[in-house]
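Chemist: Since chain E is already given, all that's left is putting chain U on it; use the hints.
Number of protein chains: 2
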Amino acid sequence: MPDIRIVLVEPSHPGNIGGAARAMKTMGLSSLALVNPKRFPDPQADWRAAGALDIVEKAQVYDTISAAVKDSVLVAGTSARTRHIPWPMMTSAEFAEYIHSKFKPKDCVSVLFGREDNGLTNDELNLCNRHIRIPSSDLYGSLNLAMSVQIVAYDLFCQALQVRQEDSDSETWDKPLATFAEVNDFLEHLQSVLLRVGFSDPEEPRKAEIRLRRLFGRIDMDHTEVQILRGILTHIEKGFRSESDLNDNAQKSDFG
Amino acid sequence: MPDIRIVLVEPSHPGNIGGAARAMKTMGLSSLALVNPKRFPDPQADWRAAGALDIVEKAQVYDTISAAVKDSVLVAGTSARTRHIPWPMMTSAEFAEYIHSKFKPKDCVSVLFGREDNGLTNDELNLCNRHIRIPSSDLYGSLNLAMSVQIVAYDLFCQALQVRQEDSDSETWDKPLATFAEVNDFLEHLQSVLLRVGFSDPEEPRKAEIRLRRLFGRIDMDHTEVQILRGILTHIEKGFRSESDLNDNAQKSDFG
Chain E
10 MPDIRIVLVE PSHPGNIGGA ARAMKTMGLS SLALVNPKRF PDPQADWRAA GALDIVEKAQ
70 VYDTISAAVK DSVLVAGTSA RTRHIPWPMM TSAEFAEYIH SKFKPKDCVS VLFGREDNGL
130 TNDELNLCNR HIRIPSSDLY GSLNLAMSVQ IVAYDLFCQA LQVRQEDSDS ETWDKPLATF
190 AEVNDFLEHL QSVLLRVGFS DPEEPRKAEI RLRRLFGRID MDHTEVQILR GILTHIEKGF
250 RSESDLNDNA QKSDFG
Chain U
10 MPDIRIVLVE PSHPGNIGGA ARAMKTMGLS SLALVNPKRF PDPQADWRAA GALDIVEKAQ
70 VYDTISAAVK DSVLVAGTSA RTRHIPWPMM TSAEFAEYIH SKFKPKDCVS VLFGREDNGL
130 TNDELNLCNR HIRIPSSDLY GSLNLAMSVQ IVAYDLFCQA LQVRQEDSDS ETWDKPLATF
190 AEVNDFLEHL QSVLLRVGFS DPEEPRKAEI RLRRLFGRID MDHTEVQILR GILTHIEKGF
250 RSESDLNDNA QKSDFG
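For the protein sequence lines, the chains are E and U, in the order given. Residues in the first sequence are numbered from 10 upward in steps of one, following my numbering. Residues in the second sequence are numbered from 10 upward in steps of one, following my numbering.
I should point out that these hints are in silico values taken from the structure, not numbers from a laboratory. Take the hints with a grain of salt, since some may be wrong.
For identical chains, the list gives no copy identity; a pair is met inside one copy or between any two copies.
[Unchecked claim] Quick list of in silico lysine to aspartate or glutamate cross-link-like pairs, EDC-like style, CA-CA up to 20 Å:
1) K79 <-> D229
2) K216 <-> D231
3) K216 <-> D183
4) K67 <-> E19
5) K111 <-> D229
6) K184 <-> E218
Just chain E, with the same shape it has in the complex (with noise of 0.2 Å):
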């Protein structure tokens, strides 16, 4: 992953500066600088950056965007506006793609957050290599400032994960999946146990049993799982045999 910078021009509510910070934290970031804070320091950013108080307190303070991302090797501005003059444009996710691709590891990027009220100028806009454009609904499209750094540190963390494990394994279970055979005796079992019940679907008898057949074949079931369920068919069982015995010990004394 390159060295990403978070760059917040003139932000106006210390909250969202911790709020950035911690939003940074969750998803690996760490370099934040300020571009001409109106309250900062202040406890209220303190606050809001719960465990990621080390960010805040290590954030630069610059006076221009220009001072602030200096030594990058790529500058991105977050925009929700359509400009006038069209600039290489990209969502938030095709972004975190691209500099994967691009950069190396050393290489500086910095993405701006304009103002909470007024997003970033034209002028500001100018000054940035590509644009990002979170995408969000037509009809409220004004994420807070702070939840705008939380997707943009998203996507670049899936990213990075994705890169990481694009051979790795999959989601890990207790207990090894149940076998083809076990879960057809399950079935089996099941099967007679329906008979001696006096379970059947009088208008489709054979339709509940395919349903109950695809109910139990798409649960990729485990084995732990398919050893419960038999022992409850186990335990039916034995309550219907000792009643069909006293029926059958009924049956005796009347005839003895």
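Modeler: Just chain U, lined up with the frame of chain E:
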């Protein structure tokens, strides 16, 4: 897109309710449910909601999770925890893909978010059909509550965009899906039958119950399948009832 309900379980900070509402609206979601919020309504919730005040105002408040998700065909719980018994676990993006391929626009899908400090309890997670994990840093993975809502909503929105673009047809199923209440009633019926037939794992009785809940929870049963299973349970009950009747009669004749 299915009908997504965001369910916040016992949120402490009203600011997070407002932040979640705004996050939802930017991603086209509108249905918010609150289970025992500590402070609600509250001016801080309204303030943080910004342009999503309508979502805060029409949020539904419930006493229990079961009531909040009653009519849902799928309940998913967000979880950071590695649990003793693993549950079907998906990342936020996988979940978005899954529900778009699986469910229809009118199907209600609920996503639970736990308390700011402790998340969801194990018992609450056991109510869920699926668990959702938001990929995050190993060093500090503690996302703010509203941020978690933002990411899940973002993944759902991006997936909806993609599906719309692919203009694909999804898997068709012949019967309507079972609701949470239907499945829950079935599980309670099953439990009472298991008691009746004398089934229990003597060494770890509670574990078998949880495993059965997980088994039937991840299968996404339809209405007819639940009816078939309940029909079977009713037949088993009848059988055991007649047996105990016989026992009663036997006793009566002893003392008659």
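Chemist: Against each hint, give a clear statement of whether it holds in the structure.
Modeler: Results for each hint:
Taking the closest pair of Cα atoms, K79 and D229 come within 20 Å of each other only inside a single copy of the chain (15 Å); across copies the shortest separation is 26 Å, beyond that limit. Taking the shortest alpha-carbon separations for K216 and D231, only the inter-copy value of 14 Å comes in at or below 20 Å, while the best intra-copy value is 25 Å. In this assembly of identical chains, K216 and D183 lie within 20 Å of each other by CA distance solely across copies; the values are 13 Å between and 34 Å within a copy. In this homomeric assembly, K67 and E19 come within 20 Å of each other (Cα to Cα) only inside a single copy, at 17 Å, whereas the closest approach across copies is 34 Å.
In this assembly of identical chains, K111 and D229 lie within 20 Å of each other by CA distance both inside one copy and across copies; the values are 10 Å within and 17 Å between. Taking CA atoms no more than 20 Å apart as the test, K184 paired with E218 passes between copies only; the shortest distance there is 16 Å, against 27 Å inside one copy.
The earlier numbered hints are all upheld by this structure, with none contradicted.
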